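Residue numbers (our numbering), protein chains in the order written: chain A, 1 to 136; chain B, 1 to 186.
Take these hints with a grain of salt, some might be off.
Capping the alpha-carbon separation at 25 Å, the derived lysine-lysine pairs in PhoX-like fashion look like this [to be verified]:
no., chain 1, residue 1, chain 2, residue 2
1, B, Lys58, A, Lys63
2, A, Lys5, B, Lys58
3, B, Lys54, A, Lys133
4, B, Lys5, B, Lys30
5, A, Lys63, A, Lys5
6, A, Lys63, B, Lys59
7, B, Lys30, A, Lys63
8, B, Lys103, A, Lys5
9, A, Lys58, B, Lys30
10, A, Lys2, B, Lys58
11, A, Lys2, B, Lys103
12, A, Lys5, A, Lys58
13, A, Lys63, A, Lys2
No wet-lab data here; the hints were simulated from the structure.
Nothing here was measured: the structure is a model prediction, and the numbers come from that model.
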Amino acid sequence: MKNIKFLVVGMLFGIILVKSEVISWFRIQEMFRLQAFHMYGIIGSAIVVGIISIQLIKRFQLKTIHGEQIVVPDKIFHWGNVYGGLIFGLGWAITGACPGPLFAEIGSGFWVIIVTLLSAIAGTWTYGLLREKLPH
Amino acid sequence: MELIKQPWPWYVAGPLIGLIVPALLLLGNKTFGISGTLRQVCAACIPANISFFKYDWKKESWNLFFAVGIIIGGFIATYLLSNSGQVNINPHTTALLQQEGVKDFSGLLPQDIFSFSQLFTLRGFIFIVVGGFLVGFGTRYAGGCTSGHAIMGISSLQWPSLVATCCFMIGGFVMTWFILPYLLQL
């Protein structure tokens with residue numbers, strides 16, 4: 001039951017994604033065509049709030065509600081960040097959705113996106129299968 | 001209530017999404033990210049003896065709860081908190097998309113592309129299935145998606161995430177400007 005709180009945070013995230021139309025294929029098209037500020041505003045202001053929050057957590061050495069030290073693991077660069085990033089970008093512009101919005105679209109009643117999600121899982125599985133042969 | 005039912009502007013939605021970063025950290029040292037759930041599903045359901053999927057996925061099962069939460073949130077927002085209707089996008093975008101062959105602008109997604117009746121056409125297959133595959137493959141190869149790299153990664157000032165985010169955008173621009181017009185006309 002300790003995971004229920006993450007379900008609640010996920011719910012709030014899902015509500016925000018729908019209410020701000022981030023899950024809309026049209027909004028993503030508008031973003032990649034540089035014809036609206038909406039998506040840039042959302043991602044940009046989320047990052048600003050994220051940076052400030054993490055700085056505050058560090059400055060005041062805040063602990064988790066269970067009293068643990070908060071640690072943000074370092075990401076180590078590998079070429080997958082580039083190749084995988086480009087591949088994801090191509091897919092993002094087609095589906096108009098990154099993984100979070102895929103889940104929210106299904107909740108919004110776009111049942112066909114279940115197929116897209118299954119296909120994304122297949123893509124992740126294929127990466128796992130080929131991982132050792134891919135350049136990183 | 002009327003205010004909640006309107007679409008939310010970026011300066012409301014963006015900061016709220018940003019607050020998920022400290023919320024997950026404070027609730028249990030979890031780093032914001034969604035694409036990891038796809039790996040979790042592979043590890044739980046179809047590990048197939050692949051080393052990448054042999055790990056204790058149950059230890060990270062919080063993100064499956066998070067994903068189910070997103071589905072429920074999507075349901076609540078759409079059926080209880082929305083005056084669902086057309087997305088108010090830039091008319092130039094609408095005009096361009098119309099030229100390129102999109103017909104339905106009545107909802108969040110164009111129904112003339114994303115529907116079961118389109119799934120078995122070449123165009124529908126590319127948008128619904130191939131697109132999804134690229135998202136799943138690419139995010140895992142990149143080590144994260146928009147939430148894990150662009151928001152969580154850059155928020156914690158990690159330069160590999162900035163590189164990944166730039167590549168997301170480059171891939172998206174290339175697709176939208178040079179390839180999508182042909183795909184839409186299939």
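We went through each hint and held it up to the structure:
| no. | hint | in the structure |
| --- | --- | --- |
| 1 | B/Lys58 to A/Lys63 | 24 Å, holds |
| 2 | A/Lys5 to B/Lys58 | 16 Å, holds |
| 3 | B/Lys54 to A/Lys133 | 18 Å, holds |
| 4 | B/Lys5 to B/Lys30 | 31 Å, violated |
| 5 | A/Lys63 to A/Lys5 | 17 Å, holds |
| 6 | A/Lys63 to B/Lys59 | 20 Å, holds |
| 7 | B/Lys30 to A/Lys63 | 12 Å, holds |
| 8 | B/Lys103 to A/Lys5 | 41 Å, violated |
| 9 | A/Lys58 to B/Lys30 | 15 Å, holds |
| 10 | A/Lys2 to B/Lys58 | 13 Å, holds |
| 11 | A/Lys2 to B/Lys103 | 46 Å, violated |
| 12 | A/Lys5 to A/Lys58 | 23 Å, holds |
| 13 | A/Lys63 to A/Lys2 | 17 Å, holds |
Hint compliance for this structure: hints 4, 8 and 11 are broken, all remaining hints hold.
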